[in-house]
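Participant: This is what each chain is made of:
2 protein chains.
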Amino acid sequence: MSESITLKAAAEYLQSHDNYYILIHQSPDGDAIGSGYGLCFALRLIGKKANVMCSDPIPEKYDFITSRYEPQRFTHSVTISTDLADTRLLGKALSGYSDYIELAIDHHKSNTGFADKLVLDSSASSACEVVYEILTAGNMQVSLDTAICLYTGIATDTGCFKYECTTPRCHVIASKLMEQYNLPIGRINRTLFDIKSMERLKFETKIISNMQVYLDGKCAVAAITLADLERYDVKPEDTEGVASLPMQIKGVEVGITLKEREENKFKVSMRSAEFIDVSEICAKFGGGGHTRAAGCFIEGDADQVRMKILAAIAPIMGMDLWMV
Amino acid sequence: MSESITLKAAAEYLQSHDNYYILIHQSPDGDAIGSGYGLCFALRLIGKKANVMCSDPIPEKYDFITSRYEPQRFTHSVTISTDLADTRLLGKALSGYSDYIELAIDHHKSNTGFADKLVLDSSASSACEVVYEILTAGNMQVSLDTAICLYTGIATDTGCFKYECTTPRCHVIASKLMEQYNLPIGRINRTLFDIKSMERLKFETKIISNMQVYLDGKCAVAAITLADLERYDVKPEDTEGVASLPMQIKGVEVGITLKEREENKFKVSMRSAEFIDVSEICAKFGGGGHTRAAGCFIEGDADQVRMKILAAIAPIMGMDLWMV
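Read top to bottom, the protein sequences are chains L and G.
First residue of the first sequence: 1, per the working numbering; consecutive thereafter.
First residue of the second sequence: 1, per the working numbering; consecutive thereafter.
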């Protein structure tokens, strides 16, 4: 298990070492990218060498972050992770670092304790919030680049301050970042949440019209097979964000999105509205996450996977499976 | 023209009078409802009599506000408006009050100065922000009911803190309201932004698949005719929020939604991304609003209305109409 350290101790650690690799999880989202790059920019600002490493390419929509970044050349010395709950999420290209992570900065209560030292704040909506608090605790400057990154992560993980996980502190940090730099939040948020290609829009309309509800209307399931991706010419990385679609239906408590990653192997994303802890359900399938947003992998065809999930959810909702 | 008064003077006015009618605009949105009811609850808390008046029924989705409200019986004495830019927006049932509004609380720079006294803060994202500042200036208590209302208006007019009009102050006010009462923001925001009936979802997929782009892809137009409403069994009040749909398309600067209100009479909603002041365009058709969100009424069939608008926008974008 990791040694838990304070925000201040983490800041001191970062200030007293050098030559960092910052690892983030595969299929990186706004919080992984924001926390990794935001920390990287902050370290470079105090004269450290630092690079961000990810097994997968950073999606194009985050160009407004990656265009501010160039990898540096240096002899690697210290390995950190941000927003990484489990080294299994590093992906193939980075799996070799699994046993050598010195410091993990995270907000997942499910963090497996893989790092030597861990700063974990599970009350934080995002890893970016934790990075912000570390920088503040260490009197480290937040540059414009870092501000854009941290805003991005907080906005991503709170659904732009929409979800229950949004705390007063999220709003206070956002106000401070915005005040300091007059951040172009309109443009950032349109990029993060609104702007879609015509193809993606049409793909979404297809997902919505194929969505099914189960368990007395409390469970909605959307399935995206490899055949669908091919038919609509959508890359797997372009399916980010579709997990929120089933939650739009009135009366739905648990929204489930099945994305086929390899033949008969589905990445399952679960969201809940108010009552069900979906991280518990996903844990039954070897996954994890947060109370209102979690994920796992399940094998089988779409029908089999759906039945496995509904069978796990029905008793939690106090229902018999025959209601499926 | 109105006499402009300070936040503190407005608070003193409210504290020294009684028996209020608070008027809000027809087709009420979250900010009209939030500011009207929020102020009403605050006035009742200091022992005043107050009712909210609207020409149209309050949409069902705002039950979480209206369920906290009962009309009071009293002899009406003072008439106030919140979020009302122009008395023409009062609608038929309230038009008789047009010349008798003593105090207007607003954030529209286009306010026509119809009231005796006016508290106008055009830098405020929402009328709810102005109401919050008045209550603060007058040391008036914000109850849970008022907090829910004011959060609703700020969230509505900022697109849940997503749009450019979101200021650091919006975030600070949200954090204070949330801190004081542990507001159920997850539930409120799902109701405001996410939850839709299956019918509405299917209606949206229809609007999206019929959307057209013009002017080199910079302009997207969605049209909803009376025949569409009938075909999809959608009430006009259930079309709130569709104005944001055309803005989703990559590359679009101006998104236009045409809603047929009477035969050959369209309510036009315009949104812009970054550059075009749509309130200026709508003003040409006798409408108004904000830089990034405005509206007007235009007569004609859908094709005629679309051409009138594109002809007005093309030169502003430095384009010839033949590009339409």
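These aren't lab readings, by the way, just hints derived from the structure by calculation.
Don't take every hint at face value.
Treat identical chains as interchangeable: a pair holds within one or across any two.
As a list, the in silico DSSO-like pairs of lysine-lysine whose alpha-carbon atoms are at most 30 angstroms apart [as the list claims (entries may be wrong)]:
| hint | residue 1 | residue 2 |
| --- | --- | --- |
| 1 | 265 | 49 |
| 2 | 308 | 284 |
| 3 | 196 | 308 |
| 4 | 235 | 61 |
| 5 | 202 | 284 |
| 6 | 206 | 308 |
| 7 | 206 | 235 |
| 8 | 176 | 265 |
| 9 | 267 | 61 |
| 10 | 206 | 267 |
| 11 | 61 | 49 |
| 12 | 61 | 218 |
| 13 | 196 | 218 |
Participant: Now tell me if each hint is right for this structure.
Facilitator: Consistency of the hints with the structure:
{"no.": "1", "hint": "265 x 49", "in the structure": "neither (39 angstroms within a copy, 63 angstroms between copies)"}
{"no.": "2", "hint": "308 x 284", "in the structure": "within (11 angstroms within a copy, 59 angstroms between copies)"}
{"no.": "3", "hint": "196 x 308", "in the structure": "between (32 angstroms within a copy, 27 angstroms between copies)"}
{"no.": "4", "hint": "235 x 61", "in the structure": "within (13 angstroms within a copy, 36 angstroms between copies)"}
{"no.": "5", "hint": "202 x 284", "in the structure": "neither (34 angstroms within a copy, 34 angstroms between copies)"}
{"no.": "6", "hint": "206 x 308", "in the structure": "within (24 angstroms within a copy, 33 angstroms between copies)"}
{"no.": "7", "hint": "206 x 235", "in the structure": "both (15 angstroms within a copy, 24 angstroms between copies)"}
{"no.": "8", "hint": "176 x 265", "in the structure": "neither (43 angstroms within a copy, 45 angstroms between copies)"}
{"no.": "9", "hint": "267 x 61", "in the structure": "within (22 angstroms within a copy, 34 angstroms between copies)"}
{"no.": "10", "hint": "206 x 267", "in the structure": "both (19 angstroms within a copy, 29 angstroms between copies)"}
{"no.": "11", "hint": "61 x 49", "in the structure": "within (26 angstroms within a copy, 52 angstroms between copies)"}
{"no.": "12", "hint": "61 x 218", "in the structure": "between (33 angstroms within a copy, 19 angstroms between copies)"}
{"no.": "13", "hint": "196 x 218", "in the structure": "both (28 angstroms within a copy, 14 angstroms between copies)"}
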